[in-house]
Amino acid sequence: MQKVWIHRDGVQQGPFSLAELPSLGITPDTMIWYEGLASWIQAGKAPLTAAMFTADEAGNVVARVKVEDTQKCPPTYLMWSILLTICCCNPVGIIPIILGSSVSSKFRSMDFEGARKASEQTEWAVIITFVLGLMMLPFSWIIYL
Amino acid sequence: MAIAIIAVAAVYAFFDPAGSLFPRCMFKAVTGWDCPGCGSQRALHALLTGHPAEAWHYNPYLFIAVPVALFFGFVEAYQARFPALHRALIRPATFYILIILTVLWTIARNLL
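So the protein lines, in turn, are chains L and V.
At position 23 of the first sequence the residue is numbered 23 (the working numbering), and the sequence of numbers has no breaks.
Here the working numbering = 1-based position in the second sequence + 1000.
In case anyone wonders, no lab produced these hints; they're calculated from the structure.
Any given hint might turn out to be false.
SDA-like mimics (lysine to any residue), calculated; alpha carbons at most 20 Å apart, straight line [stated by the list, open to error]:
1) L:72 <-> V:1107
2) L:45 <-> L:33
3) L:3 <-> L:40
4) L:117 <-> V:1028
5) L:72 <-> V:1086
6) V:1028 <-> L:87
7) L:117 <-> V:1076
8) L:3 <-> L:18
9) V:1028 <-> L:95
10) L:72 <-> V:1085
11) V:1028 <-> L:139
12) L:72 <-> V:1028
13) L:72 <-> V:1083
14) V:1028 <-> L:142
15) L:45 <-> L:87
16) L:72 <-> L:134
17) V:1028 <-> L:133
18) L:72 <-> V:1054
19) L:72 <-> V:1088
20) L:117 <-> V:1071
21) L:45 <-> V:1083
22) L:72 <-> V:1074
23) V:1028 <-> L:135
24) L:117 <-> V:1091
25) V:1028 <-> L:83
26) V:1028 <-> L:136
27) L:3 <-> V:1073
28) V:1028 <-> L:132
29) V:1028 <-> L:130
Here chain V is said to cover these stretches of chain L; the calculated rule only asks that three of the stretch's residues, wherever they fall, bring their Cβ under 8 Å from a Cβ of chain V [as the list claims (entries may be wrong)]:
30) 103-114
31) 126-139
Beta carbons are placed, not taken as given, at the ideal position from N, Cα and C, and that holds for glycine.
Could you build all of it, start to finish, from the sequences and the hints given here?
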């Protein structure tokens, strides 16, 4: 795990993990250092932390990752995915489980934005799989007539 | 929600799903193979009419998958209260194992 030190108000603080940085309220101008950097550098310019910032509509630079995103893994809807494999939506029922795994792996590799998006995709996959299963019902009656 | 569950339970308790009006598995209709869930309706009927052994015979997967699913639902819903449990269980490996088990069960029930 990469450790990061920050320097602000004349005080050096750290080490912190990358996941902790958003909750520290650092700005792109905060000086940081981690192993691999030759010297202290602004957080907005360091390769590891530059992606943490983005510009809002007004052009102000803000933290891209919200603090709560780093604390809580987005839902993987695993319960619904497993239940879908029972109600004949298979083999389509496997797809939401595969998508759910990417939520977990992205969250663990600290791609919080990616994890949130993967979670939304998983939710859609669960809904679509379920609706497809329902749409199959009338066909199942026709086939057996 | 509770009413819906009771209504579904009542339907499966009083009617035999082997009858023609119950939904059929499209996977089975197209491929001729049993999907992981095939037999769930008959199993539910057998269970509700007091034949647990028969229910197990129709679809043992149901008896394992439903408690497992509910357990994972619990783990995710109470992530804030049991963070260590969530961290230990909601990991990519869990998903891969579940996929492999589901596929193996599908192959096994069609070959054996």
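Status of the hints after comparison with the structure:
Of the pairs offered as hints, the one joining residue 72 of chain L and residue 1107 of chain V is violated, with about 37 Å between alpha carbons and a cut-off of 20 Å exceeded. A hinted pair counts as satisfied when its Cα atoms are at most 20 Å apart, and residue 45 of chain L with residue 33 of chain L qualifies at roughly 11 Å. For a cut-off of 20 Å, the pair hint linking residue 3 of chain L to residue 40 of chain L stands: about 14 Å separates their Cα positions. Using a Cα cut-off of 20 Å, the hinted pair residue 117 of chain L and residue 1028 of chain V is violated, with the two alpha carbons roughly 34 Å apart.
A threshold of 20 Å between alpha carbons decides the hint, and for residue 72 of chain L with residue 1086 of chain V the separation of about 10 Å falls inside it, so the pair holds. A threshold of 20 Å between alpha carbons decides the hint, and for residue 1028 of chain V with residue 87 of chain L the separation of about 12 Å falls inside it, so the pair holds. Restraint check for residue 117 of chain L and residue 1076 of chain V: the C-alpha separation of about 17 Å stays at or below 20 Å, so the hint holds. Distance hint between residue 3 of chain L and residue 18 of chain L is fulfilled; the C-alpha atoms sit about 7 Å from each other, no more than 20 Å.
With a C-alpha separation of about 19 Å, the suggested pairing of residue 1028 of chain V with residue 95 of chain L holds against the 20 Å cut-off. Distance restraint check for residue 72 of chain L and residue 1085 of chain V: the Cα-Cα separation of roughly 13 Å lies within the 20 Å cut-off, and the hinted pair is therefore satisfied. Only pairs whose Cα atoms come within 20 Å are accepted, and residue 1028 of chain V paired with residue 139 of chain L is accepted, the gap being roughly 13 Å. The suggested pairing of residue 72 of chain L with residue 1028 of chain V is violated, with an alpha-carbon distance near 40 Å, which exceeds 20 Å.
The hinted pair formed by residue 72 of chain L and residue 1083 of chain V meets the criterion: a straight-line CA distance of about 9 Å does not exceed 20 Å. Restraint check for residue 1028 of chain V and residue 142 of chain L: satisfied, since their Cα atoms lie roughly 14 Å apart, inside the 20 Å limit. Between residue 45 of chain L and residue 87 of chain L the CA atoms are separated by roughly 51 Å; this puts the pair beyond 20 Å, and the hint is violated. For the suggested pair residue 72 of chain L and residue 134 of chain L, the alpha carbons sit about 33 Å apart, so the restraint of at most 20 Å is broken.
For the hint pairing residue 1028 of chain V with residue 133 of chain L, the CA-to-CA distance comes to about 13 Å; that is within 20 Å, so the pair holds. For the hint linking residue 72 of chain L to residue 1054 of chain V, the alpha-carbon distance of about 43 Å lies beyond 20 Å, and the restraint is violated. About 14 Å separates the Cα atoms of residue 72 of chain L and residue 1088 of chain V, which keeps this hinted pair within 20 Å; it holds. A threshold of 20 Å between alpha carbons decides the hint, and for residue 117 of chain L with residue 1071 of chain V the separation of about 24 Å lies outside it, so the pair is violated.
Proposed proximity of residue 45 of chain L and residue 1083 of chain V is contradicted: the alpha carbons are some 33 Å apart, above 20 Å. In summary, the hint linking residue 72 of chain L to residue 1074 of chain V is supported, as the alpha carbons are separated by about 15 Å, within the 20 Å threshold. For the hint pairing residue 1028 of chain V with residue 135 of chain L, the CA-to-CA distance comes to about 16 Å; that is within 20 Å, so the pair holds. For the proposed pair residue 117 of chain L and residue 1091 of chain V, the alpha carbon gap of about 17 Å is at most 20 Å, so the pair holds.
Taken as a hint, the residue 1028 of chain V and residue 83 of chain L pair is honoured in the structure, with Cα atoms around 18 Å apart against an allowance of 20 Å. At most 20 Å may separate the alpha-carbon atoms for a hinted pair to count; residue 1028 of chain V and residue 136 of chain L meet this at roughly 12 Å. Annotation: proposed proximity of residue 3 of chain L to residue 1073 of chain V is violated, straight-line Cα distance about 34 Å (limit 20 Å). For the suggested pair residue 1028 of chain V and residue 132 of chain L, the alpha carbons sit about 16 Å apart, so the restraint of at most 20 Å is met.
Among the hinted pairs, residue 1028 of chain V with residue 130 of chain L is consistent with the structure: their alpha-carbon atoms are about 17 Å apart, no more than 20 Å. Counting residues of the stretch 103-114 of chain L whose CB lies closer than 8 Å to any CB of chain V gives 3, so the stated coverage by that chain holds, three being the minimum. Chain V is given as covering the stretch 126-139 of chain L, and this holds because 3 residues of the stretch bring a CB closer than 8 Å to a CB of that chain, at least three being needed.
Taken one by one, the earlier hints fail for this structure at numbers 1, 4, 12, 15, 16, 18, 20, 21 and 27, listed in ascending order.
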